Structure formats: C-alpha cells, structure tokens
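> Work out the full structure, taking the sequences as your base and the hints as a guide.
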Amino acid sequence: MQRKHSFRSRSIVFRLYTQITVILVILFAALLLSNIYSLQVVQKNIISNSEHTLAIYTESIRNNLDIYAKDLMEVFENQADFAREYGDQYGSSGHAGDYFKELRLINALKSKMSNNYASDGMFIQIARDERVLTLFGNRINSSNKLALVDELKHQNWREMQVQGNQEGQWSVVEVNHVYYLFKWISYGEVSFGTFVQADHLISLTSREAEPASQFVLSDQDGRILTAMSSQASLAKKDLDMTKQELGNRYLFVSRPIAEFGQITNIVMKQSVFSGLKLIQWLIIGLGAVSIIVVPLVMRFIAKEMLRPILELVRAAKEVEKGQPAFPPPSRAYSVEFMKLFHAFQSMVHEITHLKIQSYEEKIEKSRAELKVLQMQIRPHFYLNAISTISSLTYQNRNEEIRRMIQMLSRHLRYMFRAEQMLVSINEEMNHVENYIRMQEIRYPDQIFYMTDLEPEAGQVRIPQLLLQTFVENCFKHALTYGELLSIFIRAHVERKTDGEMYVHIVIEDNGEGFPEARLQQTPSSEVTKHEGEHVGIATIRRTLQLLYKQDDLLLLSNGEEAAGAKIDIWIPVQDDSGAASGMKVGEV
Numbered sequence: 001m002q003r004k005h006s007f008r009s010r011s012i013v014f015r016l017y018t019q020i021t022v023i024l025v026i027l028f029a030a031l032l033l034s035n036i037y038s039l040q041v042v043q044k045n046i047i048s049n050s051e052h053t054l055a056i057y058t059e060s061i062r063n064n065l066d067i068y069a070k071d072l073m074e075v076f077e078n079q080a081d082f083a084r085e086y087g088d089q090y091g092s093s094g095h096a097g098d099y100f101k102e103l104r105l106i107n108a109l110k111s112k113m114s115n116n117y118a119s120d121g122m123f124i125q126i127a128r129d130e131r132v133l134t135l136f137g138n139r140i141n142s143s144n145k146l147a148l149v150d151e152l153k154h155q156n157w158r159e160m161q162v163q164g165n166q167e168g169q170w171s172v173v174e175v176n177h178v179y180y181l182f183k184w185i186s187y188g189e190v191s192f193g194t195f196v197q198a199d200h201l202i203s204l205t206s207r208e209a210e211p212a213s214q215f216v217l218s219d220q221d222g223r224i225l226t227a228m229s230s231q232a233s234l235a236k237k238d239l240d241m242t243k244q245e246l247g248n249r250y251l252f253v254s255r256p257i258a259e260f261g262q263i264t265n266i267v268m269k270q271s272v273f274s275g276l277k278l279i280q281w282l283i284i285g286l287g288a289v290s291i292i293v294v295p296l297v298m299r300f301i302a303k304e305m306l307r308p309i310l311e312l313v314r315a316a317k318e319v320e321k322g323q324p325a326f327p328p329p330s331r332a333y334s335v336e337f338m339k340l341f342h343a344f345q346s347m348v349h350e351i352t353h354l355k356i357q358s359y360e361e362k363i364e365k366s367r368a369e370l371k372v373l374q375m376q377i378r379p380h381f382y383l384n385a386i387s388t389i390s391s392l393t394y395q396n397r398n399e400e401i402r403r404m405i406q407m408l409s410r411h412l413r414y415m416f417r418a419e420q421m422l423v424s425i426n427e428e429m430n431h432v433e434n435y436i437r438m439q440e441i442r443y444p445d446q447i448f449y450m451t452d453l454e455p456e457a458g459q460v461r462i463p464q465l466l467l468q469t470f471v472e473n474c475f476k477h478a479l480t481y482g483e484l485l486s487i488f489i490r491a492h493v494e495r496k497t498d499g500e501m502y503v504h505i506v507i508e509d510n511g512e513g514f515p516e517a518r519l520q521q522t523p524s525s526e527v528t529k530h531e532g533e534h535v536g537i538a539t540i541r542r543t544l545q546l547l548y549k550q551d552d553l554l555l556l557s558n559g560e561e562a563a564g565a566k567i568d569i570w571i572p573v574q575d576d577s578g579a580a581s582g583m584k585v586g587e588v
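FYI, the numbering for the sequence shown is 1 to 588, going by our numbering.
These are computed hints drawn from the structure, not numbers from a lab. This one's a predicted model, so the numbers in the text were calculated from it and none came from an experiment. Treat the hints loosely; a few may be bogus.
[Claimed, not checked] 30 Å max Cα-Cα, derived DSSO-like pairs, lysine-lysine:
no.	residue 1	residue 2
1	K317	K365
2	K365	K496
3	K44	K321
4	K476	K365
5	K70	K101
6	K153	K101
7	K243	K269
8	K355	K339
9	K549	K365
10	K70	K112
11	K101	K112
12	K321	K339
13	K269	K317
14	K362	K549
15	K44	K243
16	K101	K44
17	K112	K145
18	K365	K566
19	K355	K549
20	K355	K365
21	K496	K549
22	K101	K145
23	K110	K145
24	K355	K321
25	K496	K566
26	K153	K70
27	K339	K317
28	K566	K476
29	K112	K153
30	K321	K362
31	K70	K44
32	K70	K145
33	K549	K339
34	K110	K153
[Unchecked claim] Just the calculated beta-carbon pair ranges, DEER-fashion:
no.	residue 1	residue 2	range
35	V41	K355	53 to 63 Å
36	N248	I56	44 to 54 Å
37	I292	G499	26 to 36 Å
38	N176	L282	48 to 58 Å
39	L282	D552	50 to 60 Å
40	S143	N63	22 to 32 Å
Backbone N, C-alpha and C fix where the C-beta goes; we use that ideal spot for every residue, glycine too.
Structure follows, in structure tokens:
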C-alpha cells in the first residue's frame, strides 16, 4: 500500500494535478485581492493620467498666451510713440483721421496676425468712444465681430484693472454671451490690446470632446468660460455647482493656469470601471470552469499522451545506443502519435543518410577549396606584371610604374584572403576593375570595359574569385594584339520562373566565343580529360553546387549579336536567416 502511494506521488499526472490545483488556489486568492485593490489603482491611474494630460494642455495654453503677449509687446514697442502722437493729433484736430498713419498701424497689427499662431484679434484704441483700429482672425464670426468692435471702442482700457492685478494676468471679458481673454497696454490715451476667445483657446489643445473625458476652462472665481463637453449645459454653470451635481458620477481633476484661472478634466466613472468589472467577472468564470476541466484534462493526458511519449523516449534511447532503425510502436495509438512514430522512423533513416552525405560533401568542399587556392596562383600573370614594370622603367614612365605597383599590391592582398570563402559582389567587382586597369597598362588603348551593377545586387555575397576567373579567361582567349577587347559585366536582382529571387550576373566579351564542342560538353565531363584547361570553370560550377545545392546556376553560351563568349551566373538571394550561404540583401 505504501509502495503504491509512493508510485502515485511520483507520477507526472499527480504532480501536474497538484501543481495546477495550487496555482488555481493562488490565482483565486489573487483575484479576490485584486478586485479590492484594482478599483483603487484604476482611480489613481485615471487621476494621474488626467494630471499628466492637464499639464500638457496647460503648457500648451500658456505657450499660446505667451505668444500672443509677445506679439502685443512687439507691436507696442515699435508703434507706441507713433500711436500716442497720432492720438494726440486725432484729438486736437477735431477727430480727423489720417489715412496713412492708420494704415501704418493696421499693417503693424497685420504683421502679427498673419502667422499661424496668432490670437483671435488685436486692436489699438486711438480715442475712447471715437476711434479704434481692429484686426480679427479667421476664427471670429461676423456676429461676434460687431459686438467686439463696439466693446473695444467704448471700453475704458486705461482705467480697467487686470484681474488680480498681477503681472502676466489676462482679464476675462464677456461679450455677446461669449467669454474672451484680454491683455492690453495703455500709453497715455492710446491702448494696445490682443484677445482670444476661450472656446478657441481650448480647441487649440483638445480637438474634440469625448463622452467619457471632458475639459472645461474656468476663471479664478470658478465661472466656467468654455467646455469641450457633450453636455452643453456645463458652459452655463459654475464649476463648484457642477461638482455638486455630478460628483457621484464623475471624477474632477483640476490644474491652475496662472494667467486667468484653471482647466478641469471631468472623467465619467462608469465608462472606466464597467470594463474592469466585466474583465474580472470573466476571469472568475474561467477559473470556475477550469476547476471542472483540469481533472478531465489530467485523465486524458495520462491515458492518451504520456504512454506514447514514454514509448518514444524508450525508442529514442535505443537509437542513441546505436540501433540503425527506429523501433515500431507496441500498439496502435492516436493518429497524431502514429504519424509522430512514422516521422521519427523517417528522421532516423534520413539522419543516417545525411551523415554519409555530409561526409562526402565535406570532402568535395575541401577539394573545391583546394582548387580555389590553386586558382589563386597565376605565375604567368605575376611574371608578365614584373616584365611590364621592367619595361616601363626603361621608358622612364615612373607614374605608370607607381600605379602598376599599387594595383599589383591590391591584387595580391585580395588574392591571399583565402580565409574568406564568400565576398560581396562590390568587393569582387573592385578587384576585377583593379585587374583590368593593370592589363590596360600592359595593353594600352586595347581594352574597353563597362559595368552595370544594381546597389541591391552589390551587397550579395558570392564565392571569392568567381568573376576574376572569367575575366582572366577573356584576356587569355579573347584578346588579340592590335585589336580592341570589349568586356561587359552586369549584375541585377531578378525573379526566376520558380518564384525565387536571384542575382543575375552576365559577363560578355567580343572574342571568338566558346567552341561548339565546349558548349555541348556536360558539366560532369568538364574535368575528366582536360583538367588543366577548364579547371577554373569546372571548379566554379562545383563550388556553386556545393554552396547553393543547385546545379543550374552557371550557363555558358555565345552572344547572339556578336560572336563573343557569354557567361550567365545566378546567385540565390537568401532571406534574413541566410540559411544556405549566410547571404543577405535588402528588400527587392
């Protein structure tokens, strides 16, 4: 009995059941505590978010007011003496206006009202009840303009005190049942001023009102000036009265604005807490369902999953010990596990096959790398280069000798980078162009070459000396003394018929082209008899096959328009993973 209990306690099903039960108990306890705590946290977060939003809005409003005040001060500083002189003239001349002087003052106002950050209007009161120059912004409608002009003309700005009598304050003035914020400067009998409608001031910050979150502006006495609210009645109430009426259903978060009053965010409690309660009840319901489902799932796991898994483990251990084949299942399990057994059997067979193939490919790849190293040794080229330098010394062509030595140094440095199997097409093209320039010194006025390389193709990596080998063949087989050798190299990214992306490299010359027998030769017979003659092409073909697991990436032909040789090479463009060759290219 004790042994049976010990076996049961060590069972994975029993342990899973126990652990899940403990987790469920902890989760339910956490849910009970979270139901109490989450409401408080959400409310604190709402207040914190509202305070953060109000801080941003307050800063925006104050910045706008500072811009308006700065514009007013600039106009006052530039035009104060002129306006006062004109005001004295206007009063002494029996209220006879001067068109050009008023035009100058209007233009001064217009220079500030023409920018995108201007206030709703600016004015200059020349004489009370007689003459006022006013310029309105686009946000003021025509009916309000008439009322404002009358207010601006008859208001005694000199005697009117700024609200709170503090520097930087703006005064709240109601005109035609619309609240405006005014700021002015009096100089003698002349007053300069600017104003902005309260509705427009808050609309610059909050474009539209949401039912769950509303913003209102109020003055220092609590009078609501404007409200971005779906409840139009808020604009007609006092803020304290609104708090008494809506305090049970809304949260009120306020932030002072030193210039005139404060901004308040009114958040609907129901819109926030209703979603939270729904989620909590959903979690509780899922927890209750899990109490019933978990035992059933544990029973199913014990019967239908653990047994075949254990058998798979035993079979895997047999394979690990050296058994060449995966043992078949002892009985019929579910369809999925039978497929899994079959997949393991196929995998073991494939692993055995791949081990053999991997060894063969390593041997072939080593041979290909040896061929590449052998291709790097070109005794005749270096002897010819030294002979060319020697010949140039007798001709005192020191500049060409210096260039030849520099290019030969770069050539050797690149050739001896044998540790890099793959290089970018840009690097290979630079090496090829360096090689051609050396040949131009040896064969002046006999070489013409042109390249066409897409930027995306230049980043793709290819086997080192891939292009160099074919360019050398152009000089070896296509160059005739006294005749012009033309070489064209192009590399473009394109999509083949199989839907995969490739870099298509084309190398053409104007020589006699490949012999017909060479074109009809199969890839497998390239190095069987003429190893030394065509070892470069055969090694490149084998290298491409080993790297990219494709045998159709190299095509030799003769040009259609000219009789020269043409080589087409396709390099697969890998995705970001670079599974086959570690290559990458940007999006095409």
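> Under the constraints set out in the numbered hints, which ones does this structure not fulfil?
1, 3, 13, 16, 31, 36, 37
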